[in-house]
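Number of protein chains: 2
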Amino acid sequence: MSALEKGKVDGEVQVSPREVLRLAVEGTQQHLQETISELHEADIAEGMLDLSDREAWIVFESLDVERRGEVLSEAEDSLREQLLEQLTPRQIAEIVKGMAPDDVVDLLALSSSETSERVLRNVELERAQELRRLAAFDPDTAGGLMTTEFLVVELGSRIGDAIKLLKHGLEEAEEGQGLFVVDAGGKPVGYVPDRDLLRNSIHDTVDSVMTDPILVPVDMDQEDVAHQIVHYSVNELAVVDSAGVIVGVVSSDDAQEVLEDEANEDMLRMVGTSPELQTRLSIIRRVRARLPLQALTVLGGLVTAWIISQVLGETNKDADLLRFIPIIIGLAGNVGIQASTILVRAFATGEVEPEREGSVLASETMVGLVIGLLCGLATTGVLLGTEQGEDSERFALAIGAAIASAVTWAAFLGCVVPMVCRRVGIDPAVVAGPFLITISDISGTALYLGVAGLVVGV
Amino acid sequence: MSALEKGKVDGEVQVSPREVLRLAVEGTQQHLQETISELHEADIAEGMLDLSDREAWIVFESLDVERRGEVLSEAEDSLREQLLEQLTPRQIAEIVKGMAPDDVVDLLALSSSETSERVLRNVELERAQELRRLAAFDPDTAGGLMTTEFLVVELGSRIGDAIKLLKHGLEEAEEGQGLFVVDAGGKPVGYVPDRDLLRNSIHDTVDSVMTDPILVPVDMDQEDVAHQIVHYSVNELAVVDSAGVIVGVVSSDDAQEVLEDEANEDMLRMVGTSPELQTRLSIIRRVRARLPLQALTVLGGLVTAWIISQVLGETNKDADLLRFIPIIIGLAGNVGIQASTILVRAFATGEVEPEREGSVLASETMVGLVIGLLCGLATTGVLLGTEQGEDSERFALAIGAAIASAVTWAAFLGCVVPMVCRRVGIDPAVVAGPFLITISDISGTALYLGVAGLVVGV
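Protein chains in written order, with my numbering: chain S, 184 to 641; chain A, 184 to 641.
Bound-form chain S, shown alone:
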């Protein structure tokens, strides 16, 4: 059944595959089995993110060993870790038998080195050696991205020989969309897509149909490898060692994952948070990921406040309050733009479906409250230590309280603005940046002056 059909209960209503899984897990074991047998592994892996740990395990247990491997290959790291913890090394060894070696290495990298060692001891000797060799490459390079299950033909071979090789090669021939042609020294000199093997006479040599291969060194950064695949519009490229000999193959679907991750990572790093599925993390982990930027902002804001007091000399009550506007605007702007960036990406990748909006709004606002309280406390602490004068304690408290409220408000806004945009059909990315910052600056300042004014009594 297709993705399209699966999503349709009748001709009109579309139910997402993850929703189908969520409903099935609440039903009978037989109904669950039937549903799972019709779902794609990628949908099962995604749908399991919405389930409790116990429910996810029930789903995983209903799968046969081959599909367990496929689900593990497709799953997010957090889910993989969770499932690996519940499996014995012997069970893991059984599952990884049917998986591509590069997927196995990625998976074992998530378990403890002790577990991973015990898994490898349960794997066939030759394969274990191959896995160890592959695991030695930096995971962010071509070596970490490539598969070592590939076939090559020698220069001068006939197309018929190449087809025979594919027919009799076992795991090595299962994946891939073409063959690299190598010289006697193992250096790739050509590439023949499967389509050209099918379209030409079996008596022709591969030399007469091959095209220039794209080669990358084994230590090339994986993002550069992905850009090579996009730039040259190829399905596969060859990874070569320092002697120019082919050691692996990277395919375009490996590249796609890298490109998608890279875009997310760049965007999330630019706003000072970690490149993970933020809306799936606990509130504590989200706060921890975003706090360093806020600490930097508090520090910068305090320096700015100090500069202002130096330039203006003796201050009065009005100027005292205004000195801290940069901290407010900075913190509120950061927290708001972090929330909105996370949502824009989460909308684009399907991480936050409409039905999850409520819980994401609540948890992100809570993240804002925690960050606001921490930054407010820190600022109050610094001011208690540095400010002199009769009202200084009250003043320090006022600034802290104002920071906490402005930051919480900004986190709330940072979620609501993109959510409203999506509902009314405006591209959230266009509005979330510029528009949000402007609203957040104005309302943050007003809120700050209001709260601080209440406490100090300006």
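Certain hints may be false.
[Claimed, not checked] Distance condition first, Cα-Cα at most 30 Å in a straight line; then the derived DSBU-like pairs of lysine-lysine: (1) A:Lys-350 / S:Lys-350; (2) S:Lys-370 / S:Lys-347; (3) S:Lys-347 / A:Lys-347; (4) A:Lys-370 / A:Lys-350; (5) S:Lys-350 / S:Lys-280; (6) A:Lys-280 / A:Lys-347; (7) A:Lys-350 / A:Lys-280; (8) S:Lys-370 / S:Lys-350; (9) A:Lys-347 / S:Lys-350; (10) S:Lys-280 / S:Lys-347; (11) A:Lys-370 / A:Lys-347; (12) A:Lys-350 / S:Lys-347.
Don't read these hints as lab results, they were simulated from the structure.
Knowing the structure of chain S, use the given hints to seat chain A on it.
Frame of chain S, contents of chain A only:
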């Protein structure tokens, strides 16, 4: 020759393909011909961006008609427009003969409807009809992304028949990595990759080897189509009309381009600029793309300044200056983050190589100066109309001058910080956001108070 070999002049020094082209265009016609014959079309299209219009045309003229089509398929829109202007409709018609229909439609969308009409009149009737039909789809949907050159086999066919179809199909069989299996009504019910045609007996039916096809409706947004391809890790998916009949095929390299463009677009839109190759645009066009956000920021800043004066009531000179800090911080922060975001993406996609850094720094700082002057003038104008008091004119001028200098400085910083990061090997995305904003807030405030202080004489 491979991409790797091409980049190497000897064993050590790597010269990028675009550099190779730049050097060749300065040499003899014969040397140019030889160089071009060894370069990949994707590299020629990219290298032409570094050339003058006249040089780019010389390179294009040295290509035969088939490679002209390939270079046009690979080129950025700005280069395509430039080349199309110099070609007659008859020449364009000749070139598009060998191109995939979806590429032709994209290309003709860039020329005037009159030119495009004249091109179509020079194209074979049947093909022209197909192109017109394809052009009617929204370019941002599955219909705009798909190719209509594909082959299908009917349910029950033998693998041998499928292979025969591929051998004898002409253009339809040139691209693609597999065949969709359809029922008697033309609805896709299976997919067989070429590899499985090669590995199984020609006497087997396609039914016995096919897998579930991934289907998308013709009006699905192209980004969602790309995410389907990544989610299900497939090489091709079928596009179906409202009756479920297959009307086109989208392949994974179409999806890759969409994903890369999408990531760029989201990031650039979030910072309020247009999703184009910013560093390749004229300064005027860059300013125009980024000005709306700055206008919004000036407006927001003026509202904030008004709120402050309302809350604080009667103001003094100190508070008067401080009221405008939000405008400064907002504008400087935006301009800085625009520049740094553009560079982070341009580094990731290879748009700005190290040798272009100097000219990009100069032009982006110039963009900052122009934006700074415009925003400064606008603010001065508003203040002249609204502020009263003896020193009000001087005050308005001071604020304007301070805005212009702080914004120019921020643009400069926004380029220098990521450039330095790249040189010393730190991920620019990690530093460019948080770190830059903090520096820009502090130095912008100091610069503002300094400049404004000088003029007003605080």
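Outcome of the hint check:
Proposed proximity of Lys-350 of chain A and Lys-350 of chain S is supported: the alpha carbons are some 19 Å apart, at most 30 Å. Of the pairs offered as hints, the one joining Lys-370 of chain S and Lys-347 of chain S holds, with about 22 Å between alpha carbons and a cut-off of 30 Å not exceeded. Pair hint Lys-347 of chain S plus Lys-347 of chain A holds up; C-alpha atoms about 18 Å apart against a cutoff of 30 Å. Pair hint Lys-370 of chain A plus Lys-350 of chain A holds up; C-alpha atoms about 23 Å apart against a cutoff of 30 Å.
A C-alpha spacing of about 21 Å is found between Lys-350 of chain S and Lys-280 of chain S, which places the hinted pair at or below 30 Å, so the restraint holds. The hinted pair formed by Lys-280 of chain A and Lys-347 of chain A meets the criterion: a straight-line CA distance of about 25 Å does not exceed 30 Å. Between Lys-350 of chain A and Lys-280 of chain A the CA atoms are separated by roughly 21 Å; this keeps the pair inside 30 Å, and the hint holds. A distance of roughly 23 Å separates the Cα atoms of Lys-370 of chain S and Lys-350 of chain S; the hinted pair therefore holds under the 30 Å criterion.
The straight-line distance between the Cα atoms of Lys-347 of chain A and Lys-350 of chain S is roughly 18 Å, inside the 30 Å bound, and the hint therefore holds. Simply put, Lys-280 of chain S and Lys-347 of chain S have alpha-carbon atoms about 25 Å apart, close enough for the 30 Å limit, and the pair holds. This hinted pair checks out: Lys-370 of chain A and Lys-347 of chain A have alpha carbons roughly 22 Å apart, not beyond 30 Å. Under the criterion of a C-alpha separation no larger than 30 Å, the hint pairing Lys-350 of chain A with Lys-347 of chain S is consistent with the structure, at around 18 Å.
In summary, the structure agrees with every hint in the numbered list given earlier.
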